[in-house]
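J.: The residues making up each chain are set out below.
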Amino acid sequence: MCKNKTTRYVPSLGLAFAEKKEMEKLSKLAEEGWILDSFAFLGYKLCKRNVEKLIYSVDYNDPPHAEQEEYLQIFREGGWTHVCSQGYIHVFSSKLGTQPIYSDSNTMREKYKRAITPWRTSAVVFSLIASASIVLQLVFQHDLLLLNMLGGLALVLAAPSLMTYMGLVLRLRQLNKG
Amino acid sequence: MSRNNTFETDQLTDSAYYILVSLITPRHGYAIMKYIEVLTEGEVIIGPATLYTLLKKMQDAGYIVLQEDEEERRKTYSVTDQGSKIIIREIERRLRMALHGQKALRVIEEVNGNV
Chain A
1 MCKNKTTRYV
11 PSLGLAFAEK
21 KEMEKLSKLA
31 EEGWILDSFA
41 FLGYKLCKRN
51 VEKLIYSVDY
61 NDPPHAEQEE
71 YLQIFREGGW
81 THVCSQGYIH
91 VFSSKLGTQP
101 IYSDSNTMRE
111 KYKRAITPWR
121 TSAVVFSLIA
131 SASIVLQLVF
141 QHDLLLLNML
151 GGLALVLAAP
161 SLMTYMGLVL
171 RLRQLNKG
Chain B
179 MSRNNTFETD
189 QLTDSAYYIL
199 VSLITPRHGY
209 AIMKYIEVLT
219 EGEVIIGPAT
229 LYTLLKKMQD
239 AGYIVLQEDE
249 EERRKTYSVT
259 DQGSKIIIRE
269 IERRLRMALH
279 GQKALRVIEE
289 VNGNV
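In order, the protein sequences belong to chains A and B.
When we follow this note's numbering, the leftmost residue of the first sequence carries the number 1, and every step to the right adds one.
When we follow this note's numbering, the leftmost residue of the second sequence carries the number 179, and every step to the right adds one.
Next up, chain B with everything else stripped away, as it sits in the complex (with noise of 0.2 Å):
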């Protein structure tokens, strides 16, 4: 079975982008879909299969780990600082791309407005 380790840009998909947000805290399989659907409010749903491919991909390229939690008695998944680093910059990366969008939503209002 062939597996594309590595992510072709540094850009992550959206699935991999919430993926690795939600991993700035150490969570479990689950505990990954349901902080997703919570925090974007059902608009996010990632499907099993989705997740176990990026989870597996990402430990690949080397963003997370698995690791044993004695507490929860099951394993759960966390950002390396590699992983750390990569998530930050796509976070800003998308605050800059969403005020991009919120100056052209402005000039669409004013647009409007002056009809």
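The following block holds chain A by itself, in its conformation from the complex (with noise of 0.2 Å):
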């Protein structure tokens, strides 16, 4: 919780395609006493607090419920505060020359691995509602009105997930090529 007046909102562009820079981001803002709090709707919120030196880390992973504190307690261990979840994402601060969460590569490219497949999942899913929606009205030849907010409301869905899809998918496909 920020005290009065001291809080502000830092739009996100979207992990997926932005991870490094929003990281680098946020590390600027801390330079300015503007620490990480929370995720907010599509970005950040910021506490006013005291000018601090860190570097942020996102990690994508989902420990099941008994073992939250394990994951947790590992990256408090290896120097690593965390910051904010939001699902399967963790955001953590630390000190500079921090050593990184990714220590090999095999293990980073399965960060982004394990990210991938509900995205995918969802894309495919809004897709085909989607799709079906206007072949429907195609075969029927005229306007149903819910069937027209059904295939909309799809659309609208699987565009953001199909861009998250292949902004992680071009990550790894960079991560293969490094």
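Please keep in mind that the hints were generated in silico from the structure rather than gathered at the bench.
Note that the structure is predicted; figures quoted are calculated from it, not measured.
Glycine included, C-beta positions come from ideal geometry on N, C-alpha and C.
Incorrect hints may have been included.
[Stated by the list, open to error] Lysine-lysine pairs mimicking PhoX-like chemistry, simulated, CA-CA at most 25 Å apart:
id, chain 1, residue 1, chain 2, residue 2
1, A, 48, A, 95
2, A, 95, B, 235
3, A, 113, B, 235
[Unchecked claim] Selected chain B positions facing chain A (in silico; Cβ < 7 Å):
id, residue
4, 195
5, 213
6, 217
7, 227
8, 228
9, 229
10, 262
11, 280
From the two separate chains plus the hints, produce the assembled complex.
T.: Here it is as structure tokens:
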């Protein structure tokens, strides 16, 4: 919780597309005393606190409920403070010079592989619903409001899912090259 | 979330190798990181995300188990019989590889010595 009038919201371009850039932006803001507090709708909530030199890292991981404490403890002991989580996305901060959270390329690739699957599933499901509603309208030859709305909604949801999926696939491809 | 539950081959990555070596004696998360750092004199440092990913994967593969440790008051990991077999085989394989490298180094030294 921030004290009165010391909250600031920073929009996110989407972690899947600009993870490194966003983490660097958060570091820069920490140097100005704006410290990451939590995720907000399509962005981050920051609090005005003391100026700090911090580095941020994000992990995609979904530890079972019973293992969540173990997961966070391993990061704590590796010098990383847990800042906030949203679903399988976890943000950690640490002092400059701390060893990175991933120390080899194999496990770093697995991070993105883990994140890809749910986005691929939702992209496929929403795209199928959208196309099915278009096909049905064509077959029945007239506009059905409910079908229209369903198709529109599916299309609206399919687009960001597909983009996130593509972003992660590209990131993984970069890693495979490098 | 999908997880690669099995190792594609029985060969271990360097990180997995060091983690399994450290677990011949049961250890908790931090002790694994510290042991590897000390053992390798700082040459190998395992990051927490890499450590968690591999611990999870090796549990799923049946190489290690997570147990309550009453003395330590926190959970420790230890190798199973299967994990023990895998790590012994892997240590021996890597020893043979190191010997092959050593032979090659000798050849290089001989060549250089004769110039």
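J.: Any of the earlier hints contradicted here, and which numbers?
T.: 2, 4, 5, 6, 10, 11
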